[in-house]
Amino acid sequence: MSQYMLLVYQEEVDPTEQAEREAELPLYVEFFRSLREAGLLVGVQRLHSTESATTVRVRGGETEITDGPFAVTKEFLAGYYIVDCADLDEALKQAARFPGARYGTVEVRPVMPVEQWVKVAREAGADVPDQAVEDLA
Amino acid sequence: MSGGAHPADPVSAAVARAFRDERAIVLATLIRQAGDFQLAEDAVQDAFEAAVTAWRRDGVPANPGAWITTAARRRAIDRLRRDRSVAARAERLAELMRLDAQHEEEPTMDDGSSIVDDRLRLIFTCCHPALQMPARVALTLRALGGMTTGEIARAFLVEEPTMGKRIVRAKRKIADAHIPYRVPADEELPDRLRGVLRVVYLIFNEGYAATGGDRLVRGELCDEAIRLGELLCRLMPDDAEVWGLSALMLLHDARRDARVDPSGRYAALDEQDRSLWDRSRIREGLARLEHAVRLRRPGEYQLQAAITALQIQAPDPEATDWAQIAELYGALARLNPSPVIELNRAVAVGLADGPAAGLALLEPLLGDSALERYQPLQAAHAELLSRAGDAAGAARAYERAIALSANDVERAELERRLGALR
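Protein chains in written order, with my numbering: chain P, 1 to 137; chain R, 138 to 559.
Looking at chain R on its own, in the form it has when it is part of the complex:
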């Protein structure tokens, strides 16, 4: 429904807009009230289907969100009357009917009310560690994003029935195993929030890396992840890493269009047409990073965002402050030691202090068997060797990198660089 598959008649457009803007809020609240994920989702789906007919007949209501809320609640009541298996069914029914009998104004859909808490509950349920990572990702996109199962399936390059089963299974586990619908207690919260951020960043990277598949749908993943990041900033404004992740995604995404040049060739950061960078995304990203830093709780997303910010803010590639970037990678490595971060540090040091210093840091990584098939390591090695004047060594490293490349655009670029050596 969100994919723009419908012609742009006003009713379809209004339904699509309501689906995008209101669905997660209505669903999150109804899950709490009905006490059943699947039932609430079915009821919300019914409500959107009913909206198409009703709005075409009666006109689009003044407050589409309120209309959908009421319709979904009534559908939930109908479904609860028929389904006797829901736990505490009588209480749920009584509560829903009490809410339905209230003729007062529907609660407004803005933040700062208990409705926000429901979306937060929903995020923590969808990202629960007792669910498999692919299920967490799919469920989060399905419940909190505006994506249909078919769109999620296309974005992750799986068949729609496979993705459908994955989502159904996850919802059944939530119901059968009683995965709670709440924000975790204080002592669990930091850990569980890290888990939520990991899911959101994974969604973003899946869209950003675009190792295959439909570019357009992939871009939608980036947009969904950014929207989830912004939602988390509103729901958990005291957590610095929430702001750090939001900043990081915005700063990466600002360069999405510049990563491929008009001929379809991959453009590395220093070759990108900077006029293609999205200035408003950069401004927003930098503002969010500043906000994060003011909270004075450093973390890995903030450090990564700070690195990206330094790369973006340099007036041209030569003026990039590589020394400071190398330092930030050092801080990142202390916080979360990983060979990939070490590789990035080596590249930054190579640019700050010359290729010999970079190669000295890279050397130990080349012996790591876990990284043997890691294309960026071979590509970085080739680059440093080339700059150090070792053309033969660089050629061998480029060949290894080319053999490991899974992406046509990337491979073409490595071949071009290899050719330039000769």
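The following block holds chain P by itself, in its conformation from the complex:
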């Protein structure tokens, strides 16, 4: 078996269209469940929108913190870490410790809690059973 990372890219859309997408949560739950039953799923997490992103670079020993997502340049996605931190300050501190931050860029994006994901879907009109919280976890 080899491991693969599936990277999901999306355009951020207007609230109406976003609500339509949120209401599709049952489709996602079904997809996760089938992957899990096939023994293929290692982990899945949804990220908050790019509006909550912060980018970190370390240049000349100084940590540069910028509001916003990583802007498209010649740099490519090279890997990821998932870290448990008390708050953004701790996450930024750890990001700045990453050796590659001295020449690359680390985008710090909060993971959306499953409860919030379900809540948003319900607000958008989706019928989501409580069981989904476990399925998505």
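Think of the hints as simulated: they come from the structure by calculation, not from any bench. Even glycine gets a Cβ: it sits at the ideal position worked out from N, Cα and C. Careful: at least some of the hints might be erroneous.
Per label pair, the in silico range of CB-to-CB distance [to be verified]:
#1 P:A71 x R:D505: 27 to 35 Å
#2 R:R226 x P:T73: 34 to 42 Å
#3 P:A86 x R:A238: 26 to 34 Å
#4 R:R226 x P:Q18: 20 to 28 Å
#5 P:A71 x R:V477: 28 to 36 Å
#6 R:A238 x P:P26: 39 to 47 Å
#7 R:E464 x P:Y9: 54 to 62 Å
#8 R:R221 x P:E12: 22 to 30 Å
#9 R:D398 x P:Q18: 52 to 60 Å
#10 R:R157 x P:G125: 39 to 47 Å
#11 P:A78 x R:L503: 39 to 47 Å
#12 P:F32 x R:P198: 50 to 58 Å
#13 P:Q116 x R:E186: 41 to 49 Å
#14 R:L372 x P:A71: 32 to 40 Å
Under 8 Å between C-beta atoms, here's a sample of chain P residues computed to sit facing chain R [unchecked claim]:
#15 H48
#16 E51
#17 S52
#18 T54
#19 D67
#20 D87
#21 L88
#22 D89
#23 L92
#24 P110
#25 K119
Simulated coverage check for chain R against chain P, where a stretch passes if three residues somewhere in it have a Cβ under 8 Å from a Cβ of chain P [to be verified]:
#26 166-173
#27 305-314
Fit chain R to the supplied structure of chain P, relying on the hints for placement.
Below, chain R without anything else, positioned relative to chain P:
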């Protein structure tokens, strides 16, 4: 609510006063207790709206701040009951209800209590480096100042919905990314405090420079920045630069009215009517500068305040101690090398040791491409050339400065000086 848009009936006046004096304290505390910026802000807003009706019906309470605190907390409880998405909701609710059940006297609104710490937390959250600078400025004014979104929008010359979105986005980022609500740890504190002071000074300068827009609203920015500076002095009294910035803003602001003469013409420092200077602001500024210097931790705001103090304290422009000012600019340049400081040093040296010495320092700056479009450099060059007797060179420099001027008042003054050469 703070803009004086309401007629001066006693209830409206009391609500406006409570909004100005108590809102930040109530909000800061409630954010900590409710664990949610937006929810706390909505609850405080509800409380002020309820106050208008309740106070008109029952009379203004003896302690308006305590009334608002209780009302806001109850609104927060109502909102928390409805909103299931807040983190640790059950604990927050229990804590708020416990506080609500306590019938003891509300904590007093003066300093020296934990309430002060909440405002300090709020400042550090609003000025967090993970937020864009314009968002930091807007959020600080909204949360800690008494300004409404509409007033902030007018002061920064943007549409109200644009400013509203900027503030909402910042609050959402605070919630989603978990920007902490606390005073940074000791090792981060100096850096983060510099960041806070930068936000406050930026607010002040936006009001002071008045490159456009409504003068009155702009003046309000200066007042807000000065109030934030004074608040920081109370909250972080051991930091010399906090006092230095407060002093600097007061000393600049003391001359606000004198910068434009009755005909609307810009008045440079040496032409200002000194009787228009606000003596009490100067006294307060000088006292704060002295306090800063006694802490024996020099910094750039203190140096700038000391320079301004020397200019103000001279009995007339000719008696200004330009040699010492030049020295202070030298110290400033060592601390924080910048072409703008170098320019100011050249001007001071020009006044202390004659135009030739000033021109010698200015010369290298004229070749700096980053300063090519910097109007004050061209204006200073013109002034020095004129004093050195080079009228033709001065005229060319004035023309360059005029072309770069963005401000009508300033441009008129440069044109007058150009005309005086001929």
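Hint check:
no.	hint	verdict
1	P:A71 x R:D505: 27 to 35 Å	holds, 29 Å
2	R:R226 x P:T73: 34 to 42 Å	holds, 41 Å
3	P:A86 x R:A238: 26 to 34 Å	holds, 30 Å
4	R:R226 x P:Q18: 20 to 28 Å	holds, 24 Å
5	P:A71 x R:V477: 28 to 36 Å	holds, 29 Å
6	R:A238 x P:P26: 39 to 47 Å	holds, 43 Å
7	R:E464 x P:Y9: 54 to 62 Å	holds, 58 Å
8	R:R221 x P:E12: 22 to 30 Å	holds, 25 Å
9	R:D398 x P:Q18: 52 to 60 Å	holds, 56 Å
10	R:R157 x P:G125: 39 to 47 Å	holds, 43 Å
11	P:A78 x R:L503: 39 to 47 Å	holds, 46 Å
12	P:F32 x R:P198: 50 to 58 Å	holds, 55 Å
13	P:Q116 x R:E186: 41 to 49 Å	violated, 29 Å
14	R:L372 x P:A71: 32 to 40 Å	holds, 37 Å
15	H48	holds, 4 Å
16	E51	holds, 6 Å
17	S52	holds, 4 Å
18	T54	holds, 4 Å
19	D67	holds, 4 Å
20	D87	holds, 4 Å
21	L88	holds, 5 Å
22	D89	holds, 5 Å
23	L92	holds, 7 Å
24	P110	holds, 5 Å
25	K119	holds, 5 Å
26	166-173	violated (count 0)
27	305-314	holds (count 5)
Consistency note: the structure conflicts with the earlier hints numbered 13, 26.
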